[in-house]
Each structure stands twice: as structure tokens, then as C-alpha cells.
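Asker: So the protein lines, in turn, are chains A and X. Be aware that the first sequence starts at 136, since it is given in the numbering used here, and climbs by one per residue. Be aware that the second sequence starts at 2, since it is given in the numbering used here, and climbs by one per residue.
Among these hints, one or two may not hold up.
As the list claims (entries may be wrong) - Derived lysine-lysine pairs resembling BS3-like cross-links, with alpha carbons at most 30 Å apart:
1. A:Lys191 with A:Lys157
2. X:Lys428 with A:Lys191
3. X:Lys177 with X:Lys279
4. X:Lys279 with A:Lys157
5. X:Lys92 with X:Lys362
6. X:Lys40 with X:Lys177
7. A:Lys191 with X:Lys92
8. X:Lys428 with X:Lys279
9. X:Lys40 with X:Lys362
Claimed, not checked - Cβ pair distances, simulated, as ranges:
10. A:Gly138 with X:Ser445: 32 to 42 Å
11. X:Thr360 with A:Asp158: 45 to 55 Å
12. X:Pro455 with A:Ala460: 53 to 63 Å
13. A:Val207 with X:Gly402: 32 to 42 Å
In short, the hints are calculated from the structure, not lab data. For each residue, glycine too, the CB sits at the ideal point set by N, CA and C.
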Amino acid sequence: MEGAHLTISNLWKSFGTTEVLKDISLQVPKGAFMTFLGPSGCGKTTLLRTIAGFYKADAGDITIGNRIINDVPSHQRNAIMVFQDYALFPHMTVAENIAYGLRIRNAPRSEIEQRRRRTMDYLGILGLEDRNPAQISGGQQQRVALARALVMEPEVLLLDEPLSNLDAKLRMNIRAELRQLQQRFGITTIYVTHDQSEALALSDQIAVMSAGRVIQIGSPLEIYYRPETEFVADFIGTANIIRGEVIRADSSEMTVLSDGTELLVRDVTSPPQPGAMVSLCSRPEAVEIEVDIPSEKSNCLRGEIENSIFEGSHVRYWIRVGERAMVVDDTRSGERGILRGSVYLFLPPKKLHLLSGERQE
Amino acid sequence: MKRLFREPLLAITIIIIVGALGLFVLYPIVRVFAFPSIKEYAVVLRTSRYLRAGLNSLLMVLLSASTATLFGFLFAYGLTKTTIPLKRLLKGILILPLFSPPFMVAFSYLMMFGRNGLITYGLFGVRTNILGWHGLWLSETIAFFPVAALTMESVLQSIAPSLEYAGRNLGATGFKLFRTVTLPLATPGVAGAALLVSILVLADFGNPIMISGDFSVLATEAWLRVEGWGDVAGAAVLSSVLLVPSVIIFAFQRFWVGRRSYVTITGKIATMQSEPTKWFVRWPLFAFCAAVSIMILLVYVALVLGAVVNGWGFDWSPTLRWISSVATNTGQLIRSLIFSVVAGATSALFSMTAAYLVTRKRFVLRRAVDFIAILPAALPGIFLGIGYSISFTRRPLDLYGTAAIIILSMVFWNISMGYQTGIGALKQISPSLGEAASNLGAGSMRIFREIEIPLLQGPFFSAFIVSFIRSITTLSVIVFLATSNNSVVTFTIMNLVSDGFYGKAAALTTFLLLIAFAVLGAAKLLVGKKLDLFKV
């Protein structure tokens, strides 16, 4: 691929008899921020550590630039990692921690000093030089760990859930900073997390992983609005999954019969033939909720509100529709308060999305 | 295997560690068991004298371990869960016996409570006979309860105060809270401490040799076999009999009680203030702890007094002749110091290396190394001593009468201490530190030198000090190995006491203690707060 900086092709890895990575292939353009997102045990951390060189792949290639690095030992890869627990050396000061990698490279003393100061300045941690890691706060430790990696000007920056040890508020702040920093430095970055909102907020590209495989790769918008499978739809955000049979289809539209209701779906890239069983996905905020019978009867469902919570910007409803429970967000609570009882749900044809990667039996 | 050729230094280190463990731990054990013939086993096991010694050993384990555990628990409870006064002082006194020769308690009580005892005869004019099972019971209780107390102190400390608060919150107070929450949570720790003390009592040689009189136990009987009859085979049988229950208790303590621990390890150290203790708990508990502390202090008072009076029990006039007579033993004192420093350092280095290999590297025999390195903790000193005297005083490896045999026995008797310290420390050092260094460009040697070694300095010094103290104060290990060429102070003290030269023995013991505490102080100054001793 043009401009791909990090390429992983057909990578396999198992521990004993457990296959942890199965045929992973992906490409990260230079300077891009790529997130491996998935539930715990999906292999995302193993993949990251294989890139760092802590694990050796069983098969497949890892290429950085034009160099295949399969057999390059960890300490010569310059794929620098920020660890989940930061792994700051407790017997060194902050300054010594940050300068450690440059010192190993035998960089001239003045250069080490200059680069260390500059990086610390960027991260706003000047003044902590002589402290021990144990004497600074969690947020500061986080920045020191980041500085220790950035000062190396790595080919690839690897981040292993670096925000998971911080409290919620600090996490939001550092998240924004991290994105800015990455864009300023233009470093190809791999980020591992199980937190979908972090992934959506930070990434240029997200690779959603499950059970050792990459399920879908795409921009945050694509992943959110155009998930290919139920797993992706469900893991990122909240999704109402509607199953049904295609009864009519043409070049970009189809009609799906679900539970006795006909649902029109527009903007479908290649609709399946009539008779195929399909899954549709609808985001809670894409469903319109009405108290009175809407004038347009198509794509309309009748339901009973079972539960609701007020979340400030919207009200979230759990609504029983036939056998199904649907989650619907209503942003108009300011005008009409919290609804109860019977309501009508309208599913706009353009906001119903076909899960094209879902194989139907 | 391929990896080993790529890193020859690592391969050589592994070979040295495995070889040394095989030769200096496994081989002597096997030799002791194999030395006597079946007939000799049968004879000894039929002799009523030895059966009695066995029963006596069992009786002492039951008595002394029970009281030592009880004393230890009360002390530990007082220190951790109540508001008794003078806690720091009590704790300071509590750990004194850990830095002193174990036989010292018996020796001092002989002087305090014996026929010519300062307290029994001098103060009250009673001629008592402390020699025998009751004297031994008292001495072993005082000598070993601190170990139990320290073990249980850490157990009680690690019971999260929030659990006790929860109990109180649900309506349990005072004794009910203690009975329903604190005690059940501490039970595995108490059991562990009791078993640990049982091993110490079973293996104890110093106290019974000094104070048990005609009441013989297995350890002393084994020694008398050799000393009186030159019957090494008989001694080997007796110490084998001693080893079996010791190993069983040890295995039980390690694998059964260890798994049942409720110790909650959380990152946060809960520092909730405990409620003030009720007066009717506080003062009796304090009185008890104070009384026991006085019993410990008496040991040292007796020793120093004994060193400066003319004739204990009949002539209380002060004199310096015992102290100046120590000059004739300068050689032994220096030998004790040098042997123990060398043994302590070697033992610490060896055990840290073994711990490092076991936790960080994968190699054949890794599990075997792990097992053999902790095995010496279950070996009675007397057993190891006989093992060395059988194995290394004849060809092919004849070390009879050399410094080497004494030092080696000290080194390998102590490796389990350093090894466990090392394992604990290495587990605390997150493996991601090594990975981070590697990730930043450090090669394997560099990681070892710049990351692992500096972080292991504290534990190394702890291991050194513990091995050093145990070496300089041991009697049981060296008693079979000492000759006039290589004998150390503890051996001389034993002979002086059994010949009735209390003054000289007291003076020598005082000097031994001074040396031990001087080295300890120097190490403290050198390493500072990082020195973490006796975290059993």
C-alpha cells in the first residue's frame, strides 16, 4: 500500500496449543494513529508485544519502512512502547528514566540533555527531573513514561492501554493531549485499548479484534456508522440488531420483512438477493420516537416503554417491540419530558445499516 | 539448548548453580540416609533409649511450639491490633533473640534460675533444678516465640482494617469481633507460625545440650552418639529419624497452609485508626508483653553479669579476668567473623543468582533448582552437619578440619533464606521493567547490570545479614565439623558451659554478640532503610 509505514502480513502466533493471533494482516500509513480495539483476550496486547519484539511470531512478517524486522531483537527495533504500568525504573530519577534510551545509544551528553529538556517541556513536566518515580502523581508518571518513549523519536510508538491507570477526569485531559502530541510529532502510533470511546476519540484507523482475528479496519466514522458485523456494531457503541428476510431489492435499496413489519433500507452498496436472511443495525440516536401515530406508516414500529434514564443530553429508553427490546435515545426531552407508555418508533431508511459481513445460515 | 550456546555466561552460571546444589545439598542428604546399614537402623529403632529420645522430642515440639505460638500471637496481637503503650520498645526487645545464638537463652536461664541461679538462689534462696524438660520448655519458648510473633504480626497487619470495620458495622464488637472476624482470618497465619516453630524446636540442638540434663532429645542424642561412642552410623540413623517429621511439617506448612492464606494483597495500605482498646484487654495484654520482654532482657543481663563476676553463684565480686581471658580465644572469634562474613556473602550471592535464574530464565532442571534451594529450610542443622561430616571428610573430597567445610555448611544451610527473599523481591520487580529497558535499546547483560542488579541490592543485603547472623550464631551445623584447626566460638562456648566455666562462656558469648551487632549496625548504615530483615 502506498505510504504504509508499518505492515503486518499473515501473522500467526500461539502460546502452547492456544492460538492467540490468527492470520493478522494490516497496514498503518506513516504518521497515522492506529488503535487495536477489542475485548480482553482478543490478542490485541499480544499483537502489540509482537511488534515490540517481546514475542516472536510463528509465521508472517512485520515490516517497518522497507525493513522486515521479524528477526531484529527487541532492543534494536526502535518501536518504543509505553507500558500499561509505565514500567518506570524505580531506582532512577525522572531525568535518568527519560535519558536512559539515549544513553544506551551513546548519544553525546549535550544532545541527550537538550532532547530530554525539550521533550519534558513539551509534556509540561519540567521541574520533576530529580524526583523518583514513586514521588510523583499518576498523571505525571504517565507523562514521564510518554516522554521516555518520545525522546527516542521512535519509528513506531506503541501504547499499551496507557490511560487505564488514571482517574476518569485525568483520562479525558490526557486523551486530548495525546492526540495533539501525536499529530505534532507525526509519529506512527499503535494504541491498544478495550475502551471504545478512547478508540473513537483518538484514532485515524481502528482495527477491531476478536478471538485473535482482525474483524474490521476503518476510520472511527466507518466503524461506528458502517460496522460490518454484529460483533463490531455491538462492541462499539450501542446497537439495535434487527434480523429479517429480504423481500425486495434493487441496485441501492432493499426491503426487509422483520417480525411482520416491512423496513425500507436505503443506500445499501450491494443488497443481497430476495430471500436472503440479513441483520440490520440501528443506533439508538438514529431512531425517532413519537407519541402520536406518525403520518408515514412505513418503517414504523409500535412499542411499550419499559424503562428510562435521564443522561443530561438525552433520555435513554428501553422499549419493548413485540419480542424485541430496543434502545432508543431521545434528545428532545427538553421539550417533552420523559415519556411513558405506548410510543411509535420510526427507523429512517437512510439510517438503517446492513451488516454486510454477517453470514446468514 | 541453542540459546544456552549463544549465552555461554548464562550456561556456565546455570551449570555451577545446579552442580553446587547437587553436591552440597542433595548429596549429603542421600549420604546420611545411605550411610547406616539396615541392621544399624533396626538396632537403633529398637533401643529404648532412642525411642525415649524420640518421644521426648515429640513432647517438646508439642509443648514448646504451643506456648511459643500462644506467646507469639498475644505479642503480635498486642503490637498490631491494640493500643498498648511502648510498642516500639516491645518490638525492639522482641527481635533481639533473632540476632543471638539460640543456645544463649538456655545458658542464661541456667545462670538465672539454676541451682546457683541469681534469681532463684540469690534472690529467693531456693535451690531449684532447672535442668530437664521444664527448663528446656521455658528456654525454647522464649527463644522461638519471636519468630512466631513476627510471622503473625505480618499476617495480622495484612488483614484489611476495613474487614474489621465491616464486622463492627454489622454489630460485632470486642471479643465477638475478635472471635468471628480477626481470629478466623488469622488462622492460616497462626497455623503457619506454629508449624514453623515446630521445625525450629524439633531441630534445636543448642538449648537441649545446655539445659535438658538427663532429658535427652533426638538432636542431642545424635551428638552424644558421635561424641561418646564414635558411632557415626547411629547418629545418622537418629538424625534421619529427625529429618522425616521435619520435612513433613515443612511441606505441610508450605503447600497446605500457604494456599489457605486470606492475606489480602491490595495496592492500597489501609491506614484506618483502630478503636482504643478496652482497659481490661489493654492492661493485662501489656502486662503479659512486658513480662515476656523482661524474660528476654534477663538473658542479656545474665550474660553481661556472668562475664564480670568472679564465680557465679558463690562469689559475686566483680572481675575483669573473664573478659581479659577472651584474648586467648581471639583466633576463634576472628575465625567466627571471617567464616560468617564469607558464608553470608557467598550464600546471598548464590541464592540471589538462583532466584534470578528461576524467576527470569527458562532452563532444564529449573523446578529442581527451585525445590532444592528451599529444601535446607527443612533440614535440622544437626542433620546437615552429619551429612557434611560423612560426605566431605574422606576422599574424593576430603575437607576434614578445613575452613572450607565449615563455610560450605554455613553457605548451604542458609541458601533457602536468601533464595526466598530473592524470589519475593524479583516478583515485586515488574517484568515490564526489563522489557522497557530492552525496548529502549538495552541488551540482556545491560538490563541485568543496570536494572536488575540495582533493584536487587536491598534484598541482597538482607540475605547477607540473615545468613551472616545465622552462621555466626549456629552451633548445630558446625558441631560435627569442628576440629581444633577450624573451630568457631559457638563450639568453644558449648564446651565451656558443659564444663561449668560460666564466666568465660558468658564473656565469649558477649563478644560474639558484639561482633554480630557491629556487623548488623554497619550494614544498616551502609544500606539504610532498605534493609528488610526477618520477613519470615
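Asker: Each of the hints needs a verdict: does it hold here or not?
Answerer: Evaluated hints:
A hinted pair counts as satisfied when its Cα atoms are at most 30 Å apart, and Lys191 (chain A) with Lys157 (chain A) qualifies at roughly 14 Å. This hinted pair checks out: Lys428 (chain X) and Lys191 (chain A) have alpha carbons roughly 24 Å apart, not beyond 30 Å. Restraint check: the Cα-Cα separation between Lys177 (chain X) and Lys279 (chain X) comes to about 13 Å, which is no more than 30 Å; the hinted pair holds. Straight-line distance between C-alpha atoms of Lys279 (chain X) and Lys157 (chain A) comes to about 65 Å, which puts the hinted pair past the 30 Å bound.
Of the supplied pair hints, the one linking Lys92 (chain X) and Lys362 (chain X) is violated, its CA atoms being roughly 39 Å apart against a limit of 30 Å. For the hint linking Lys40 (chain X) to Lys177 (chain X), the alpha-carbon distance of about 58 Å lies beyond 30 Å, and the restraint is violated. A distance of roughly 52 Å separates the Cα atoms of Lys191 (chain A) and Lys92 (chain X); the hinted pair therefore is violated under the 30 Å criterion. Distance check on the hinted pair: Lys428 (chain X) and Lys279 (chain X) sit about 40 Å apart at the alpha-carbon level, beyond 30 Å; violated.
Taking the CA atoms of Lys40 (chain X) and Lys362 (chain X), the gap is near 46 Å; set against the 30 Å cutoff, the hint is violated. Look at Gly138 (chain A) against Ser445 (chain X): about 36 Å separates their beta carbons, and that is inside 32 to 42 Å. Take Thr360 (chain X) and Asp158 (chain A): their Cβ atoms lie about 34 Å apart, and the range 45 to 55 Å is violated. The beta-carbon spacing between Pro455 (chain X) and Ala460 (chain A), approximately 58 Å, falls within the hinted interval of 53 to 63 Å.
Checked against the hint of 32 to 42 Å, the pair Val207 (chain A) and Gly402 (chain X) fails, with Cβ atoms roughly 58 Å apart.
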